[in-house]
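Colleague: Protein chains in written order, with the working numbering: chain A, 1 to 225; chain B, 1 to 279; chain C, 1 to 262.
Do not rely on the hints blindly, as some may be mistaken.
[Stated by the list, open to error] In silico SDA-like pairs for lysine to any residue, Cα to Cα no more than 20 Å straight-line:
| no. | chain 1 | residue 1 | chain 2 | residue 2 |
| --- | --- | --- | --- | --- |
| 1 | B | K111 | C | R42 |
| 2 | C | K67 | A | G173 |
| 3 | C | K91 | A | L18 |
| 4 | B | K218 | C | Q163 |
| 5 | C | K67 | A | G215 |
| 6 | B | K155 | C | R42 |
| 7 | C | K91 | C | L123 |
[Unchecked claim] If you anchor each label on the Cβ, the simulated ranges turn out as follows:
| no. | chain 1 | residue 1 | chain 2 | residue 2 | range |
| --- | --- | --- | --- | --- | --- |
| 8 | A | T139 | B | P55 | 51 to 57 Å |
| 9 | C | F206 | A | A32 | 48 to 54 Å |
| 10 | C | A177 | A | G170 | 35 to 41 Å |
| 11 | A | M68 | C | Y60 | 23 to 29 Å |
| 12 | A | R218 | C | L190 | 28 to 34 Å |
| 13 | C | A96 | A | S55 | 23 to 29 Å |
[Said to hold, decoys possible] Stretches of chain C that chain B covers, calculated by requiring three or more beta carbons in the stretch to come under 8 Å of a beta carbon on chain B:
| no. | segment |
| --- | --- |
| 14 | 26-32 |
| 15 | 127-139 |
| 16 | 152-159 |
| 17 | 175-189 |
| 18 | 230-237 |
No wet-lab data here; the hints were simulated from the structure.
Just so we're clear, the structure is a prediction, and the values are computed from it rather than from any experiment.
From the three backbone atoms N, C-alpha and C, an ideal C-beta is built for every residue, glycine too.
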Amino acid sequence: MWYRLRIPLVICFVMGLLAFTQEFIPHPWAGAFRQEMTTWFRIMGGFGMFLGAYSLLHMHITRIRRKMLGWGYSVFVFIGASAMIVSGLTEEIIEAVRPYPQPDAFSLFQWLYDYVQVPCGATVFSLLAFFMASAAVRTFRARNAGAALLLVAAVIVMFGRVPMSEYLGGLFGAPGLFPKSADLLMEYPNMAAKRGILLGISLGMISQSLRILFGIERSYLGGGD
Amino acid sequence: MAAPRGNTKWQTLARYVAYLVVAVAVLVPYVLPLPLTFKPSDWAKKLYDRVEALPEGSAVLFSFDYDPAAMAELYPMSLGLLRHCFRRNLRPIVMTHWPNGVGLCKQLVEKTAEEAGKTSGQDYVFLGYKPGGSNLVLNMGESLQGAFDRDYYGKPTEGMPALAEVKKLKDIPLVVDIAAGGTVEMWIAYGRDRFGFDLGAGCTAVIAPDLYPFLQSKQLCGFLGGLRGAADYETMLDKPEDATKGMQAQSLVHVFLIVLIISANIGYVWTRVVRGPED
Amino acid sequence: MAAPEETVSPVRRAVELSVLLGLLVAFLIVSVVIEAPTTAKRIGIVLGAGLTLVMYSFLYRDNPLFKIAENLYVGVALGYGAILTWKLSLKPEIVAPLILDPPHWAAFWGELARRIVPIILGLLLLTRLSRKYAWLSRYAYTLMVGWGAGIGIPIVAHSYILQQLQAAVRPLNAAAASDAGFWASGLAMLGALVILIGTVTVLFYFFFSVEHKGVGGAVSKVGIWFLMVSFGASFGYTVMGRVSLLIGRVQFLIYEWLQVPQ
């Protein structure tokens, strides 16, 4: 049906064309248009947050309802989310009603953030230190020239970036040798490669943007017709 | 090609040995401190010098775009930067693009302000969080007070002394993005290259190599990479704390890992010489 | 992050349970002995330390305690993000000006007019959740995506392509025009050439529509070498980053939980 597909694609094209052309128009109207659009999208971004929250909660509700494997753990998602939402909203209401704010008052909302979210969030990714070390020791082998080059570069960077390298270099009268080697590696071959990758990605982004504007790329529309 | 069954127990043992090595290497320096010193990197020095060069009373915008997962690396450098600003009587304007980082930003700002005896709204402003990403940056570029009409504490930003003569991003001489994700590139493209302010960056070690092209193209004026960057800044501020202490453990772990990797490779090469190349 | 389920013998399970109980008792004794958890802060630190150690139990193997902590974290993070989005975005932008703290009647319509379109578009976004009305969300999405794509083209072209190409060539000009000594200029020229060659060869490597044979193959090969160096550097930095996160947690356990003097 034309109003389900054609009109949205036309909107996308027109919006993209306006966004592109306003970049090159120095008139204040172009600035005002940009300001208005970015304000709209900033407000819409707030609604988008709830989309993500609903999706996650829906996934866990489904696990509980269907008694899927490990469904009991999904209950804790709701416990955590409820505790935060209830405490947060309660504090909002108290703040609105209480005439004099008390900055040192105990906040359960902040407490849960500081002593549940922060430790868990910080720890989850720190587990990777062990996994990386274990994987590197067990599988990182110089099987060919490319892998050997990768290994040498990794060792130079890992060693050059820590103070131990300056200490050991100092024993040989050249404290700056290893850090400088790491710097040169980062600022020349690494930088050149990253620039090549960045250029490739940027060209890809432009071509993908054009595909979206011309309606060739439609995956963002979601399923259906 | 599946490993022979008999190797599974050895593989498990090797895994736990690697875990133990890492754990011991991290813990040893807290029992036996190592006498290690280091020179700050050139890029860290450039960022420090840029902040030093700002006239007293200048506004500096900090975008602390990280959450608790990256706080070990980025919290110390954020602390260092805010302390430096307060020491120099600059006016930090603090915000974040990450909702889960607001609590950390609040802690940072309140802790450093209390240390320096600074007042919110007068000497600094904590704007909090707004969604929008690049759209928010474009918004701020046209009107800061339009994008954030109130600060985190609900005070109107219009007429706020901490935002005196700061109406848009162009009025801010230096913006520093402390990032755990792709916000540095966003600030470069949608902020720095459009509105002409100087942009410095601090980031996790994972994304640090990706920012070198922007350093060489001078789109970034200075850069702190990972815990080492935070330790460099603490050294320059002459206030060694968590990051500097952490470098001792970092050194030991890196050396242990390098020795293990090289030994494993020597063993591998020896095996290939003795047994011949693998299929 | 779940590891595959292992079959564990009853004897091993009994041993694990005893060790777990022993560790729990030791944890509680240590926490109480160091400082009695009588304040909210101390209770929180003990809870944080407990959650940290529970998370690390995953190194031994996946277990119910880890799964509980993981799911609790997901819920808490979700709730926190939702409240912050409400408090710092939706409430001050929409609810406060129109409902909680509306201006004078005459100004109210002006405030509503300014916000009605993004409010409707935001609500249209939410229709994505309905199977029947999901097509309505396309109106909002196409507006956002079209804007992002359109404004992104000139910005990406300027910041990520033109500026970067300029920076790839500028050092060559500077080195050629430099009046420093022979060795200094020579080294600068060499560095500039390395940067230019690396950039071009890596970019060429990613042109898969051209067959990498002959001269093209040689260029591609050089690109691969540069890529290997950069991947090695990325690996080194990634190890550094992950170890730093571990150090952060260890410092929390040592200085805040065990209160070892700094």
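Colleague: What are the numbers of the hints that this structure violates, sorted from low to high?
Modeller: Checked against the structure, the hints that fail are numbers 2, 3, 5, 6, 9, 12, 14, 15 and 17, while the rest are satisfied.
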